[in-house]
Amino acid sequence: MASIPLALEYKRYVLYLCRCSGLVGIESLYFCRHCKLLRCMDCVSVQIDGTCISCPSCNDSVPQTDAKAKKFRCTHCYQCPMCTTPLATRFVQLPPPPGKSESAPDTSSGKTDASPTKEGTGESTALTPKTSKRLSLTPSSLKSPGSTKMYYLFCTSCHWTTREVDIPDKRSLLDFKEKPHPFQDRYKALLSYYKDLDLYERVSSQNMSRQVSGRKPRPFSSLLDTSKYKKDPEVQRVVKQVQSVALSAKDPVRLPDSYYTEPVDVSSLTTIQQKLLDPSHQPSHVKDLWPHPLPLISRKTIRCRGCDHILLKPDVNVNLVRFKIQHVAIQVVPRIRLINVPKLTLGEPSLVPVSITSPVSYSMTISFNQLSSSKKLKEILCPAVIPEGSFVLKSLDDTSDLLDDSSQSVSLGADQSDYVLSSEPGRIVLKFGAIPSREDIDAKIGFEVVFSYEPLIEADRDPGVTELTVPVIINCGHSFA
Amino acid sequence: MAARRSTIRGERTKEPKNVGNFKIGQGAVVCTEAQLTGDITIGSHTVVHPTAVIHAEGGPVIIGENNHIMEKAVIINKKRPDGEPVKPLVIGNNNLFEFLSRCESMSVGSENIFEPKCVVGDNVIVSDYCVIGSECKVQSNETLPSGTVISGTDGRRWNKQVNIKSENHQQLEYLVKLLPNFHRTIKST
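Protein chains in written order, with UniProt numbering: chain A, 1 to 481; chain B, 1 to 189.
Extracted from the complex, chain B is given alone in its bound form:
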């Protein structure tokens, strides 16, 4: 019964208009159903699923290598007020943006995990090895130190002392092979 409808009720999938200047690295897979607008650079072996959203409104978005951006994940470089200088949003390597996560952060390091439905505001700097738990919101003006874990219904924080590298390389390799068989992809330049 759950898989009764392929689309979300009342919302038909439209063919998104990907407008902008894209630079896509070697071996990266970016599906055309993803919504990309603005000046976007995507590093090699990064996978962007269909219906993922990347908006470069307030400056370019530069995404590193081996990142995994899942369906309906949102990455926005927000439009700054007039007069403020244009800042690029730089995202490091080996990050995982899960389903329905929303990242408006100023910069993102490496090896971070954005769990489903998490929200990271536009005044937050995410360093390395951070985990933003599902449904957790970080919207204050701060820098998350390396290894910060925010999880639970009360958004409790603690700092990891031991950082373990992400294990999604195998999954990424598989997706790089699989996704072009079923989706149109934006060709790497």
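The following block holds chain A by itself, in its conformation from the complex:
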């Protein structure tokens, strides 16, 4: 969710105004059936369920202690370093090495075993399971027990492969490893050294406290105090030396000449996002990219902030994705869409066709009000022409296509047919209007949708609440004089 002006700059055309004056898409709105209120992500309390950590790609659930040890990353799923999409696996089936199929064994079996597969991976840059068949390889030879599958990773979104960065094809998916860090050994050595030091200091401090009983041991925090070192003549001498060197360097470090002479190939450089995906290496060139282990996700429990009822709860089983019925707004609130981007003329009322779809199984009554907006909104919005009266959307029936029953269409008042462009069960297209007042910003219209509400569960029925209201803001696009 973003502030009002910023949210309207998004490519979203239809946004719903929450009670907290945040603008969100309908898919981010929750509906609390106890309070009968619509709530956005900022009006609910989110509770992260640490016990339910899983990989979004392979759905493998991981206990919390294991996940911490694995740095909250999946061990056998990788994401594309180009576009962060989970990588798919593809394989190339290689024929059995010629030495094995023949009865007469070769002289150096170990070497021939290794060399054909190496050649195979080299060739297989252009080989696929199907194309390998085309190269006069009979299917029987592929199914033979000697044939090997070689795997590589492939991004379905941007077509990046592990072959791009010269990672050889592997026999198993587990053979793909994270890129070793250049200072990994040094880190490990330092870590073990400080662990030893920690142990030594603890033991020595215990001994000291035993020996000098009654005397308070010197706190270790005093070691971190640097103020006393500054007075040290030796330290001062080094500082002066460094300062003199820094000042004497008149010529700054020059970049190599190729920086100025050769044209920059932007497509071979990485973006900041791609660099920050791998903080330990930060590759600056596309050739240095490496598949990253996929980050694990935990599930959230979402509660209504008013009544503390659960709106969304993760299932124990990771594979299940269930929505709580009537807890998301998409199942209660009519869906509003802009049919096409209208042609707007500055200062003149222009037609804005808007479709309204009912998600519910009962017939829904819809009416529209002018938006009683705040000052901030009034600056952004332009005057709108809104259909008058109420429209009844009959319940959606899947068999209506076959029956072609005219009685199922929307029932209209006497003067209302002027507003209707088309109607069918569960859906109506209405004519709205916008009068663009400014040329420098996109024309936006706002109105309130008042719709009837009937809860599915009898216990939730409240005679006081039969109608709900949600303010909607539509970005109609740029207007021309």
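Note that these hints are calculated values from the structure, not bench results. Treat the hints with caution; some may be incorrect.
Said to hold, decoys possible - Residues from chain B that keep clear of chain A, each with C-beta distances beyond 10 Å, as calculated:
no.	residue
1	Gly20
2	Phe22
3	Gly27
4	Thr32
5	Asp39
6	Gly59
7	Glu84
8	Ile125
9	Gly152
10	Asn159
11	Gln161
12	Thr185
13	Lys187
Claimed, not checked - Here are the simulated EDC-like pairs of lysine to aspartate or glutamate, each with C-alpha atoms no more than 20 Å apart in a straight line:
no.	chain 1	residue 1	chain 2	residue 2
14	B	Lys160	A	Asp288
15	B	Lys165	A	Asp166
16	B	Lys160	A	Asp442
To be verified - Ranges between beta-carbon positions, derived for each pair:
no.	chain 1	residue 1	chain 2	residue 2	range
17	A	Thr85	B	Asn21	41 to 47 Å
18	B	Asn18	A	Asp166	47 to 53 Å
19	B	Asn181	A	Leu421	36 to 42 Å
20	B	Asn21	A	Pro168	48 to 54 Å
21	B	Asn18	A	Tyr260	37 to 43 Å
22	B	Pro81	A	Pro279	35 to 41 Å
23	A	Thr469	B	Val19	41 to 47 Å
24	B	Lys79	A	Glu348	51 to 57 Å
25	B	Pro88	A	Ser417	50 to 56 Å
26	B	Lys87	A	Ser267	27 to 33 Å
27	B	Pro88	A	Thr345	38 to 44 Å
28	B	Lys79	A	Arg171	52 to 58 Å
29	A	Pro56	B	Asn181	35 to 41 Å
Just so it is clear, CB atoms sit at the ideal spot from N, CA and C, and this is done for glycine as well.
For chain A, the structure is supplied; the task is to place chain B on it using the hints.
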């Protein structure tokens, strides 16, 4: 609910009028529901789905072998201004034109993928092994070098170093068998 209507709302499928001079290769399947106009040559084992659009307005369209042109994909050889010579639009082999892609390119090489809703303008030359990502638009006056990948919401480009041949031969073989059972096809000449 999504498959509620077989046709797009408000738009009834009309029987398209395929007018022109078609040469269709051996083993190619071109459904009659596809809209073809003008001088069109289609190579062998190419599959043109129903509702695909191929217009040869500014010159002939020559499509190579093993191409896969999906539903609502549009291939146009655009009408040139008067006085300019007629140029054929030559499309190579093993290309994939996905759903709602639009190609008005001057020439297309081989092994390219046009993902859904992509647009390639009429001043673009597409070489081999290119991928135009979904909703990406290329409309400038340029030649896409071999292995160019354009993808993402910001249309980021990079160049593939390793080119992998397309894997849709199996699917094409299946479609060549399947499509004539359910659609009328334009017979190969």
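Here's how the hints hold up against the structure:
Every beta carbon of chain A lies more than 10 Å from that of Gly20 of chain B, the smallest distance being close to 31 Å; the non-interface claim holds. Its beta-carbon lying about 28 Å from the closest one in chain A, Phe22 of chain B satisfies the requirement of being farther than 10 Å from that chain. For Gly27 of chain B, the shortest C-beta to C-beta distance to chain A comes to about 15 Å, beyond the 10 Å cut-off, and the non-interface label holds. Remark: the non-interface label on Thr32 of chain B is consistent with the geometry, its nearest Cβ contact in chain A lying 25 Å away (cut-off 10 Å).
Chain A leaves Asp39 of chain B outside its interface by the beta-carbon criterion, the shortest separation being 32 Å against a cut-off of 10 Å. Taking the minimum C-beta to C-beta distance to chain A, about 31 Å, the non-interface status of Gly59 of chain B holds against the 10 Å cut. With a cut of 10 Å on Cβ distances, Glu84 of chain B stays outside the contact zone with chain A, its closest approach being about 32 Å. The non-interface label for Ile125 of chain B is consistent with chain A: the shortest C-beta to C-beta separation is roughly 17 Å, beyond 10 Å.
Listed as outside the interface, Gly152 of chain B is inconsistent with that label: its C-beta sits roughly 6 Å from the nearest C-beta of chain A, within the 10 Å cut-off. With a minimum CB-CB distance of about 6 Å to chain A, Asn159 of chain B fails to clear the 10 Å threshold, and the non-interface call is violated. Not every C-beta of chain A lies more than 10 Å from that of Gln161 of chain B, the closest at about 6 Å, which undercuts listing it as non-interface. A cut-off of 10 Å between C-beta atoms confirms that Thr185 of chain B is not in contact with chain A; the least separation is 24 Å.
Chain A leaves Lys187 of chain B outside its interface by the beta-carbon criterion, the shortest separation being 27 Å against a cut-off of 10 Å. At roughly 14 Å between alpha-carbon atoms, Lys160 of chain B and Asp288 of chain A fall within 20 Å of each other, so this suggested pair holds. Between Lys165 of chain B and Asp166 of chain A, the direct Cα distance comes to roughly 18 Å. Compliance with the 20 Å bound is thereby established for this hinted pair. For the hint linking Lys160 of chain B to Asp442 of chain A, the alpha-carbon distance of about 39 Å lies beyond 20 Å, and the restraint is violated.
Between Thr85 of chain A and Asn21 of chain B, the C-beta spacing of about 44 Å keeps the proposed range 41 to 47 Å intact. Distance hint check: the CB atoms of Asn18 of chain B and Asp166 of chain A are about 49 Å apart, consistent with the given range 47 to 53 Å. The hinted window of 36 to 42 Å between Asn181 of chain B and Leu421 of chain A holds, with their beta carbons roughly 40 Å apart. Distance hint check: the CB atoms of Asn21 of chain B and Pro168 of chain A are about 51 Å apart, consistent with the given range 48 to 54 Å.
The hint said 37 to 43 Å for the Cβ distance between Asn18 of chain B and Tyr260 of chain A, and at roughly 58 Å that hint is violated. As the Cβ distance of Pro81 of chain B to Pro279 of chain A is approximately 54 Å, the hint placing it in 35 to 41 Å is violated. Between Thr469 of chain A and Val19 of chain B the C-beta distance comes to about 55 Å, which lies outside the given range of 41 to 47 Å. Range check, Lys79 of chain B to Glu348 of chain A: Cβ separation about 34 Å, and the 51 to 57 Å hint is violated.
Distance hint for Pro88 of chain B and Ser417 of chain A: a CB-CB separation of about 52 Å, consistent with the stated range 50 to 56 Å. With their beta carbons about 29 Å apart, Lys87 of chain B and Ser267 of chain A fall inside the hinted range of 27 to 33 Å. For Pro88 of chain B paired with Thr345 of chain A, a C-beta distance near 43 Å keeps the hint of 38 to 44 Å intact. Separated by about 55 Å at the C-beta atoms, Lys79 of chain B and Arg171 of chain A satisfy the suggested range of 52 to 58 Å.
For Pro56 of chain A paired with Asn181 of chain B, a C-beta distance near 40 Å keeps the hint of 35 to 41 Å intact.
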